[in-house]
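J.: Protein sequence lines correspond, in order, to chains Y and R. Using the numbering used here, you'd call the opening residue of the first sequence number 271 and step up by one each time. Using the numbering used here, you'd call the opening residue of the second sequence number 117 and step up by one each time.
Don't take each hint at face value.
[Unchecked claim] Below, a list of computed lysine to aspartate or glutamate pairs in the EDC-like style, where the Cα atoms sit at most 16 Å apart:
1. Y:K554 with Y:E343
2. Y:K619 with R:E337
3. Y:K579 with Y:E595
4. Y:K391 with Y:E517
5. Y:K472 with R:E337
6. Y:K468 with Y:D426
7. Y:K605 with R:E354
8. Y:K475 with Y:D537
9. Y:K387 with Y:D420
10. Y:K422 with Y:D615
11. R:K208 with R:E279
12. Y:K580 with Y:D599
13. Y:K579 with Y:D599
14. Y:K342 with Y:E369
15. Y:K619 with R:E169
16. Y:K419 with Y:D563
17. Y:K475 with R:E337
18. Y:K387 with R:E169
By construction, these hints were calculated from the structure, which means they are not laboratory data.
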Amino acid sequence: MGYRRTAFIKSTGLLLLSALLCIACSATNGADATRDSGGAGRHSIELLNVSYDPTRELWREINANFISSYEKETGNRLSIKQSHGGSSTQARAVIDGLEADVVTLASIIDTDAIRRKGLIKDKWIDRLPHRSLPYYSTIVFVVRKGNPKDIKDWADLVKPGVQIITPNPKTSGNGYLSFFGAWGSVVLRGGSREDAVKYVTKLYKQVPVLDSGARAASTTFVQRRIGDVHLTWENEAHLEVREANRELELIYPTISIRAEPHVAVVDANVDRRNTRAAAESYLKYLYSDEAQDIIAKHYYRPGNEVFLKKHLDVFPDMRLFNITEIANDYFDAHKQYIAEGGVFDAIYKPK
Amino acid sequence: MASINRKVLPGFFLSLSYSVFYLGILVLLPISACLFRAGSLSFEEFWSAVWTERARAAYLLTFGAAFVAAVANLFLGLVLAWVLVRYSFPGKKIVDSLVDLPLALPTAVAGLVYGSLYVDKGWLGQYLVPLGIHGAYSRFAIVLVLIFIGLPFVVRTVQPILEDLDPEVEEAGASLGGTRWQTLRHIILPTLYPALITGFSLAFARGVGEYGSVVFVSGNEPYTTEIAPILIVARLEEFAYSEATAIAMVLLGLSFAMLVLINMVERWSMRHEH
Chain Y
271 MGYRRTAFIK STGLLLLSAL LCIACSATNG ADATRDSGGA GRHSIELLNV SYDPTRELWR
331 EINANFISSY EKETGNRLSI KQSHGGSSTQ ARAVIDGLEA DVVTLASIID TDAIRRKGLI
391 KDKWIDRLPH RSLPYYSTIV FVVRKGNPKD IKDWADLVKP GVQIITPNPK TSGNGYLSFF
451 GAWGSVVLRG GSREDAVKYV TKLYKQVPVL DSGARAASTT FVQRRIGDVH LTWENEAHLE
511 VREANRELEL IYPTISIRAE PHVAVVDANV DRRNTRAAAE SYLKYLYSDE AQDIIAKHYY
571 RPGNEVFLKK HLDVFPDMRL FNITEIANDY FDAHKQYIAE GGVFDAIYKP K
Chain R
117 MASINRKVLP GFFLSLSYSV FYLGILVLLP ISACLFRAGS LSFEEFWSAV WTERARAAYL
177 LTFGAAFVAA VANLFLGLVL AWVLVRYSFP GKKIVDSLVD LPLALPTAVA GLVYGSLYVD
237 KGWLGQYLVP LGIHGAYSRF AIVLVLIFIG LPFVVRTVQP ILEDLDPEVE EAGASLGGTR
297 WQTLRHIILP TLYPALITGF SLAFARGVGE YGSVVFVSGN EPYTTEIAPI LIVARLEEFA
357 YSEATAIAMV LLGLSFAMLV LINMVERWSM RHEH
C-alpha cells in the first residue's frame, strides 16, 4: 500500500509540475509574440485577412495591388496572408484566437459574433463607407445547358420534377441566403406568410441532397451532375459557368436577397500586434477606383454606384431586397427562419 | 513486493507519471472542457438541446450505422486477415498495404469518391440505381463508407493473432477426427475472439465519430440521413457553443457506455474460453 501511495504522490506531483511548466511556457511565448510584432514600425508588416471560401481569387489580386501601392507610399515592407473557410467556422477561429487583423466574412452574423466577444469595437459598421460594404452580392441560379426545365424565376423551382441543389441553411451561409431569397420572392410579391411557408416546404422537398456547405453543393451539382438548378452566390455562379465549358448557364431571377459581406478591422488584434495603420488603409483601399474595378472583375457588385453602372453587362438589373424587408435584420431573420425551432425546422417532419 | 517491482520495470515512476500526464492532457483535459461548457446549461436547457425527436433520430442513425458497419467489418476483416496470413499469391504485399489506406486517406476524399461512384450517373450507380440499390445519399451509403473507414481496424487486430496460430493445431484438430467446421468453431475462433472484439469496438468507435466522409454521401436529410455530428455543426453555426457541446457529451456518454459494454463482453468471453 505504502508503495502505491508514494507512486501516486510522485506521479501527481510530476503532473502538477509539468502543468505549471506548460503554463509558464505559454506565458513567456505570449510575451515573445507581442514583443516581436511590437517592433513593426518601419520594417516589415504582416497582415492576416480571414475571409470566407469563394473570395480566394479576389483577395489575391487585391492584395498584390495594395501591397505595391502601400510599399511605395510608406516605404514599409508588407505581406498579406489569407485564410479561407466556411464563414462561421472562420469567425469561430478568430474568436478562439486566430490573430486576424481584418475579417472579410460572408455575413454580419459572423462578423458581429466576433464583436460580441469584445475583439471588435461596437459601431464597427459605421467606420467605413457604405456601412462597411465595399461590395455586395446576391443569390442567382445555375442551370444545365439549354435550360431544359425552363427555369426563369423562383416560382419555376417548385414545378414538378425539378430538383434543386442548395446547401443546408443550418450549416451554410449560402444555404440561409438562398432560403431568404426564396422567402422574399413570395412575401415581397404579394404572397402571405402561409404562402411562403408552403413555397419553401415544397422547395426543400425537391432538394435531393442537403449538403453541409457551399463547396459540397457545387460538387454535387457540377461533378456528380445531380439536380436541375443550383442556387449559389452570383460570383460563384459565374465561375461555375465559366469552368463548365458551356455545359451550364446562369439565370438571373427577377428578385433576390441582397447579401452583405461586411469588412472590419479586428481591434483587439491590430492593437496588440501594432498593425492598425496598415489594416485600416488596407480596408480603405477597397473603396478606391482601382479596387472597385477588381471587385467587379471578380463578379462582386461594387459598392460604388459608378462602378456598378460601368459593369451593367455582368450585373443585369434585378431587384435585390434588403433583409429588413423580411425581418428586423440578419440576426432576427436567422432566428425566425433558420435557428432551432424556426420555420426551416417545421419543413421536415419525422418519417 | 515493491522492490521486486522496481527491478522488473525500470523507470516505473517515470513511465507511469508520463502516461497519466499524457492521458490527462490529451484525453481528460478536452473532455473536462467539454463538460464544463455543457455544464453552463441548466438541466432543462441541456435536455431540450439533446433530446429532441430529430436528435434521437440522429443518434439512432449514428450508432446504428456504426454498429452495422462494424459487424460487416468483423466478417470482411476476418476473411481478409485469413487470406493475408494463410495464403500466398502474387501481389500479396500490395494487398496488405492497401488495407491501411483507409487510415491514411483523408476521410472527405473517401466520401467524395464513394459518392461519385454510386450516384445515378456514377460508374457503379448507373447499373445499381436501376436495380433499386442507392449507394449514395441513403442510410446504406453511410454504412458503405463506414465499412471502408473501419476495415483496417479488424484486419490489423486479427492478423497478428492468426500469424501466431500454428497451422499444426488445425491439423491436430483434423487428425482427432474433427470436421473443418468443428476446427473453426472450437479451435480457431476462440483464440481470435478477443482480437475480433477489439477490432469490432475500434471500428465501431471510429464509425460513431466519423464526420468528414459521411457528410458527402449521406444527403443529410433530417430524420432520415442526418447523423448526430451534423447537428453539432448546425448548432455551432448558430454560435450556440453550449448546446453543441451538450450534444457532443451525449455522443461521448453513449460511446463510452458502448465501449464498456463491449469490454465486458470481451472479459466474459475470455473467462468462458479458458
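J.: Now tell me if each hint is right for this structure.
T.: Hints versus structure:
Taking the CA atoms of Y:K554 and Y:E343, the gap is about 14 Å. The hint holds against a cut of 16 Å. Restraint check for Y:K619 and R:E337: the C-alpha separation of about 11 Å stays at or below 16 Å, so the hint holds. As the CA atoms of Y:K579 and Y:E595 are separated by approximately 24 Å, the hinted pair breaks the 16 Å bound. With a C-alpha separation of about 47 Å, the suggested pairing of Y:K391 with Y:E517 is violated against the 16 Å cut-off.
The straight-line distance between the Cα atoms of Y:K472 and R:E337 is roughly 15 Å, inside the 16 Å bound, and the hint therefore holds. For the suggested pair Y:K468 and Y:D426, the alpha carbons sit about 14 Å apart, so the restraint of at most 16 Å is met. Between Y:K605 and R:E354 the alpha-carbon distance is near 9 Å, which keeps this suggested pair within the 16 Å criterion. Simply put, Y:K475 and Y:D537 have alpha-carbon atoms about 44 Å apart, too far for the 16 Å limit, and the pair is violated.
Between Y:K387 and Y:D420 the CA atoms are separated by roughly 47 Å; this puts the pair beyond 16 Å, and the hint is violated. This hinted pair does not check out: Y:K422 and Y:D615 have alpha carbons roughly 28 Å apart, beyond 16 Å. With a C-alpha separation of about 15 Å, the suggested pairing of R:K208 with R:E279 holds against the 16 Å cut-off. A threshold of 16 Å between alpha carbons decides the hint, and for Y:K580 with Y:D599 the separation of about 30 Å lies outside it, so the pair is violated.
For the proposed pair Y:K579 and Y:D599, the alpha carbon gap of about 27 Å is over 16 Å, so the pair is violated. A distance of roughly 26 Å separates the Cα atoms of Y:K342 and Y:E369; the hinted pair therefore is violated under the 16 Å criterion. As the CA atoms of Y:K619 and R:E169 are separated by approximately 10 Å, the hinted pair is consistent with the 16 Å bound. A distance of roughly 35 Å separates the Cα atoms of Y:K419 and Y:D563; the hinted pair therefore is violated under the 16 Å criterion.
For the hint linking Y:K475 to R:E337, the alpha-carbon distance of about 10 Å falls within 16 Å, and the restraint holds. Among the hinted pairs, Y:K387 with R:E169 is inconsistent with the structure: their alpha-carbon atoms are about 32 Å apart, more than 16 Å.
This entry does not satisfy hints 3, 4, 8, 9, 10, 12, 13, 14, 16 and 18, going by the numbered hints stated previously.
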